[in-house]
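Student: Protein chains in written order, with my numbering: chain A, 1 to 627; chain B, 1001 to 1176.
Since the hints were made in silico from the structure, they are not lab data. All residues carry an ideal CB built from backbone N, CA and C; glycine is no exception. One should not assume that every hint holds.
Cβ-to-Cβ under 7 Å is the rule here; a few derived chain A residues that face chain B [said to hold, decoys possible]:
| # | residue |
| --- | --- |
| 1 | Ile385 |
| 2 | Val424 |
| 3 | Ala425 |
| 4 | Ala605 |
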Amino acid sequence: MALLQISEPGQSPQPHQRKYAVGIDLGTTNSLVATVRSGSETILPDEQGRELLPSVVHYDNHGVSCVGYEAAEHSASDPSNTLMSVKRLLGRGVDDIKTLGDNLPYEFAADSGGMPKINTAYGLISPIQVCAEILRKLASRAELALGSMLDGAVITVPAYFDDAQRQATKDAATLAGIKVLRLLNEPTAAAIAYGLDSVQQDTEAQRRLIAVYDLGGGTFDISILRLSKGVFEVLATGGDSALGGDDFDCAIADWLRLELGLSEDLDRVEQRILLETARFAKQELTEHLEVQLDILDTPLVLTRDIMYQLVDGLIDKTLRACKSSLRDAGIKASHIDDIILVGGSTRMPRVGEKVGELFDRQPQCTIDPDLVVAMGAAMQAEILIGNTSADDMLLLDVIPLSLGIETMGGLTEKIIHRNTTIPVAKAQEFTTFKDGQTAISIHVVQGDRELVSDCRSLARFELRGIPPMVAGSAKIQVSYQVDADGLLSVSAREQGSGVESRIEVKPSYGLSDTEITQMLQDSVSHARDDMQARALREQQVEADRMIEDLQAAIDKDGATLLEASELQCLQVALEELRQLRQVSQDHRQLAAQIEALGKTSEEFAARRMDASIKKALAGLSLDDALK
Amino acid sequence: MHRSHNFFEIFSLAQSWEVDIDQLDLRFRNLQQEFHPDRYASKSDFEQRLAMQTAATINQAYQTLKNPLLRAQYLLKLEGFDANQETHITADSQFLMNQMLLREALSEAKFSEDPLKALASLSIEALENTAALQSEFAQQYRANAYNKAFDTLAKMQFASKLVNDIAQLEAQLEDL
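This is chain A alone, in the form it adopts within the complex (with noise of 0.2 Å):
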């Protein structure tokens, strides 16, 4: 692979700054940052060297106390207050979280939006809130292990989160100033990881068919991936975004509560203490055949076989979606060239036994599971941000869930199906049934069920000003787009009187941006480090790359694709920016420029890109005609 980045002449004032992009790994259990370092990526350590972070997050009467191993220590004698396995709260509503399980030993409270507020010593708190402390935690770490801002991040996610979890977690990135790249499903990551690694050792490896199996503390995603000379496509994937390693401790917890004789209706001090003591006896059995317990001052041996009579039934709901997805994929267990173990859950070693009989082959896990994501996430971010020519790899993913819309009778009706290619946009008309209706509701949905019950209600809008017809006339267009990160946006237009209503799907359970301005707002009361300078600094970033990107295209199309007074247009607008850059000290002011010069050149970008493309299918018919 080309590393190095090749500068067109008469291009940037300034010569090539690096950019520092990073991969985050935001984990149910334990997150990760990593970066690519002289070409090959790395975990960036805490100042103790410890590479994880664990997902908690302490809160006292003034508002954070600590994030990771310090708010870990806060779980036994402070519960309420110590917030872990947030993730699987992320983008849920309130009664999602019954059908979780009564193991969250939180007080819920639930807001005007339907999302789950915990409460806490400060006050009540949203998940999105604490993954943004994990976030910004992750986020000061690479910034003091780089020595230098950070200009972007990849987050992953689980493959199977649904739209509302894919924008909670962009959210909480927002919330915590970090600009995200894009956001990448976690078993793709993994695969980057390894797939690039292979085809560095094996040139010859063309076409392999790779399962990736990944079992994390909250959430369990299979992908099945075609990995052909750098271009990962994603041919399915499936999974259970409320089903990981917690379940294995829920359910040895419960054993050990009828075994000690308790009832169910347990304080949330001895519910923290059961599962603190089944996490444990996890990890030991993971060594050992039997483990020796002493919970509550009663001395119990929990055995390998028992632990995976308990968590087999569990483990075989994870196969059924590996099955479930290879059909999706077309493809037989045997065809599968290699498998690939992702996440902590899958060092019990009962379950890389169950995959690889699935598979009938033995899984691998050369790469630490619990640190493959990141590292993964940290080549795309590179690639992205632009350190590294990206000729040789491309992520083609996919939609875990059919996107859908109700219809007459409180029906789904599918309009983006599951395992469709992103970027995707799909339109479907409707009509009125009423003789005069002037508005229509529209009820965006995903899930795979008959039922709109059943799937997940992401968001209701309405069209109105539809011109009185006779029922059946109106044509009604309704356009679903998602974008690369997985993110859907919804329109619906009257096609006859060109009416038209949009909306950027906001799930019901997510942050409106309001209340992310109003918290970025607080935040900034709060925060230490002066949020003014940053804002500068981020706006004197986002200036350089668009004066030198600007600049480099006018000097390659601006002479064919712009007429001479438009030109000089630009050309006023760009320099206009350029001086404002070298002396503007506000950044609200610098916003605004960088702003109106991207409106002046919208219509050169798009030339540019028409250009381009008919390039682009020029070039292919040349092809034609040569052969």
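Got chain A; can you put chain B on it based on the hints?
Tutor: Same frame as chain A, but now just chain B:
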């Protein structure tokens, strides 16, 4: 690249029922190498949006040409025949009768002694039907007999739904 671009032109393929899938795969990858939003991740929001739309069109074109049923629908749409899946129905009563028998067999398969075996043989029959319909379509389309091809397309839609339903039932039974 806009949705109005001819999908065959996007991949420099002749507008025809027969498509060289290897060629299609190769060109698809080459185009995505150039236009995928990942290639524009550090560009302006506007350029990222353009790239997303372009990549979405390439994806749609690829999926349409790769899938025989979608490809047939698209070919006829270019000739002015819009096959809305629900309202476009064949009048061939013999075909419909045969489909009804297959549907009955499908609903009975669950209760047979060996449901998976029953489904497997049903599946073979349904796939043979599909293949026969496809070659019928190919001939008619090649002969510019679009009206006939359009009727065949309706049958293909039926047959494809049956294949899907069989697969779905197989999946359900295997999961039990």
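Student: Take the hints in turn and mark each one as holding or not.
Tutor: Hint check:
With a least beta-carbon distance of about 6 Å to chain B, the hint placing A/Ile385 at the interface is held under the 7 Å criterion. Taking 7 Å as the C-beta contact cut-off toward chain B, the hint placing A/Val424 at the interface holds, the least distance being around 5 Å. Hint on A/Ala425 holds. Least Cβ distance to chain B is approximately 4 Å, under the 7 Å limit. With a cut of 7 Å, the hint placing A/Ala605 at the interface with chain B holds, because the nearest CB-to-CB distance is about 5 Å.
Checked against the numbered hints given earlier, this structure breaks none of them.
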